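Chemist: Listed below, chain by chain, are the residues.
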Amino acid sequence: MAKFEAFEARLNELLDARRDPLGDGEIVRAAEQSSQCRKLLAAYRLMLEGTNQLSRPQAPADLSERVLAGVAVSAATPISGQPSVWRRWSRGSVIAVAMAISAAVLFMVLLIPPREPQPMVQRATPPAASPTGVADNPGGQESVSGQELTGGNESASGTHESIPEVAVVPNRSASESVASDSPRSETPSSPEVQAAIGDLLALATGMVVVPGATDRSAGSSIHVEWIDRVGTGMKPVTESTTNFLDTLFEAFPAEDDRSS
Amino acid sequence: MGCALADDVREVVSCCLAGDQDAMVRLVDLFRGPVFGLCYRMLGHRQDAEDVTQEVFVRVFRSLHQWDNQRDFKPWLLAIAGNRCRTVLGQRKRRPSPRETVSDLPDPSPALRDVQYLAEEVALALDKLREDHRRAFLLFHEQQLSYAEIGEALGCPVGTVKTWIHRARREVARQLIERGVVEERNDGEVRSV
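Respectively, the protein sequence lines represent chains A and B. 143 is the number that the numbering used here gives to position 143 of the first sequence; each next residue is one higher, with no gaps. 2 is the number that the numbering used here gives to position 2 of the second sequence; each next residue is one higher, with no gaps.
Derived by calculation from the structure, the hints in this document are not laboratory data. All values derive from a computational prediction rather than experimental measurement. Check each hint, because a few of them may be wrong.
In silico PhoX-like cross-links for lysine-lysine, where the CA-CA straight-line distance does not exceed 25 Å [claimed, not checked]:
| id | chain 1 | residue 1 | chain 2 | residue 2 |
| --- | --- | --- | --- | --- |
| 1 | B | K162 | A | K3 |
| 2 | B | K162 | A | K39 |
| 3 | B | K128 | A | K39 |
| 4 | B | K162 | B | K74 |
| 5 | B | K128 | B | K93 |
| 6 | B | K128 | B | K162 |
| 7 | A | K3 | A | K39 |
Restraint-style ranges between C-beta atoms, simulated for each label pair [said to hold, decoys possible]:
| id | chain 1 | residue 1 | chain 2 | residue 2 | range |
| --- | --- | --- | --- | --- | --- |
| 8 | B | E11 | A | D20 | 35 to 43 Å |
| 9 | A | R29 | B | S63 | 50 to 58 Å |
| 10 | A | G92 | B | G19 | 36 to 44 Å |
Derived list of chain A stretches under chain B, where covered just means 3 residues or more per stretch with a C-beta under 8 Å from a C-beta of chain B [as the list claims (entries may be wrong)]:
| id | region |
| --- | --- |
| 11 | 6-15 |
| 12 | 57-65 |
| 13 | 69-75 |
| 14 | 92-100 |
Heads up, the beta-carbon is just placed ideally off N, CA and C, and yes, glycines get one too.
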């Protein structure tokens with residue numbers, strides 16, 4: 001078997017060198033001694049003979065003319081499929097502008113103060129049948145004031161002892177709830193807006209809202225400072241976006257404005 | 001000597017770069033055979049091969065200034081042709097086109113003595129090979145390209161080309177033996193049927 005493999009390897013060497021195997025004494029001797037080698041040699045010779053008899057494709061006669069015509073056409077027209085530098089830049093700039101506007105709009109949406117917070121109240125225990133408690137919440141609504149949420153700030157009213165345990169979702173502190181009851185501040189850096197941004201960011205990033213994380217009254221000021229820095233840093237963007245929208249509204253007034 | 005009659009490829013190329021159309025025709029005539037043969041064997045379809053051959057030469061003339069005249073011209077040209085053929089084959093995978101293959105070959109019989117039938121038997125055996133093996137085999141034995149040129153054209157190392165061709169030979173020989181094209185007479189002489 002090893003002899004047959006050596007025979008085949010030698011045969012391939014000769015064919016690689018484009019030499020006739022029958023001109024090699026080693027091959028001839030091996031073929032005389034082994035029928036297997038003889039058969040392989042015959043098969044290789046027939047293979048070469050048959051390959052030489054294969055129909056050889058001929059290039060078209062007018063190839064030169066076609067090539068010259070193709071060269072002339074390609075020289076007259078730019079390479080198609082590749083956008084020019086200007087087109088690539090314009091496409092990129094359109095995408096960049098669209099992304100910037102989207103980011104600005106998103107940020108403005110985040111800056112809009114939320115509506116009156118309607119914190120959901122879960123009563124851990126049934127409310128006590130206190131006439132004062134009913135009086136404090138005459139409409140039977142589940143939203144309560146911030147002082148009620150604290151579990152009874154006796155120094156403030158002294159009438160909330162009838163609500164023993166109250167859990168609030170989302171986690172809003174007493175000071176936040178008090179601030180929400182107060183007239184809304186329009187400045188972006190107001191605590192209410194910061195709290196709303198904090199909640200939205202936590203919601204968007206999937207962070208678990210730790211009770212008291214946005215509670216400035218509890219002293220956790222790290223989160224608030226971070227929001228302050230972001231707000232200050234983005235102030236030029238918001239101002240420029242506002243100016244841009246004002247200019248846009250002036251340029252394209254609404255129907256009512258035109259009629260007036 | 002004029003550009004149109006120049007035999008040195010570098011001289012012809014320099015004339016082509018100067019815009020001499022006769023030199024361009026000369027360059028096409030010098031290499032039309034290998035390029036068309038490569039395209040035909042890679043694509044297996046005459047019309048596609050003609051189109052790709054024309055396109056290859058157009059591309060070559062457009063990028064002729066990029067050719068390093070310290071290197072051989074033919075491998076560079078065949079590499080472009082091979083790349084173009086691979087692109088067309090990739091497109092064909094998404095949009096299959098009919099392939100010209102040898103079919104309905106007669107079964108081997110004692111009357112199979114004509115060389116035409118031998119060629120058909122070899123063609124049938126080649127058609128059963130792996131595609132890259134068949135291409136390498138035909139480029140070497142039919143188009144008479146060197147291993148280095150085949151490697152450039154097919155985009156693979158010379159060692160790989162060598163392995164492919166050896167395997168193709170072994171497989172074709174095995175099929176010829178199995179189909180009875182090669183038979184051994186009782187006296188030990190091996191002949192073709």
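Chemist: All hints are to be evaluated individually against the structure, with a verdict given for each.
Modeler: Evaluated hints:
1. Pair hint K162 of chain B plus K3 of chain A holds up; C-alpha atoms about 21 Å apart against a cutoff of 25 Å.
2. Between K162 of chain B and K39 of chain A the alpha-carbon distance is near 23 Å, which keeps this suggested pair within the 25 Å criterion.
3. A distance of roughly 21 Å separates the Cα atoms of K128 of chain B and K39 of chain A; the hinted pair therefore holds under the 25 Å criterion.
4. For the proposed pair K162 of chain B and K74 of chain B, the alpha carbon gap of about 19 Å is at most 25 Å, so the pair holds.
5. This hinted pair checks out: K128 of chain B and K93 of chain B have alpha carbons roughly 19 Å apart, not beyond 25 Å.
6. A threshold of 25 Å between alpha carbons decides the hint, and for K128 of chain B with K162 of chain B the separation of about 19 Å falls inside it, so the pair holds.
7. Restraint check: the Cα-Cα separation between K3 of chain A and K39 of chain A comes to about 14 Å, which is no more than 25 Å; the hinted pair holds.
8. At roughly 36 Å, the beta-carbon separation of E11 of chain B and D20 of chain A lies within the given 35 to 43 Å, and the hint holds.
9. For R29 of chain A and S63 of chain B, the Cβ-Cβ distance of about 53 Å falls inside the hinted range of 50 to 58 Å, so the restraint holds.
10. About 37 Å separates the C-beta atoms of G92 of chain A and G19 of chain B, a value consistent with the hinted range of 36 to 44 Å.
11. Only when three residues or more bring their CB closer than 8 Å to a CB of chain B does the claim for the region 6-15 of chain A stand; here the count is 3, and the claim holds.
12. Beta-carbon proximity to chain B at under 8 Å applies to 6 residues in the region 57-65 of chain A; the threshold of 3 is reached and the given coverage holds.
13. Under a criterion of three residues with beta carbons nearer than 8 Å to beta carbons of chain B, the stated coverage of the region 69-75 of chain A is upheld, 4 such residues being counted.
14. Counting residues of the region 92-100 of chain A whose C-beta lies closer than 8 Å to any C-beta of chain B gives 0; at least three are required, and the coverage claim is violated.
Hint check: a violation occurs at hint 14 only; the rest are consistent with the structure.
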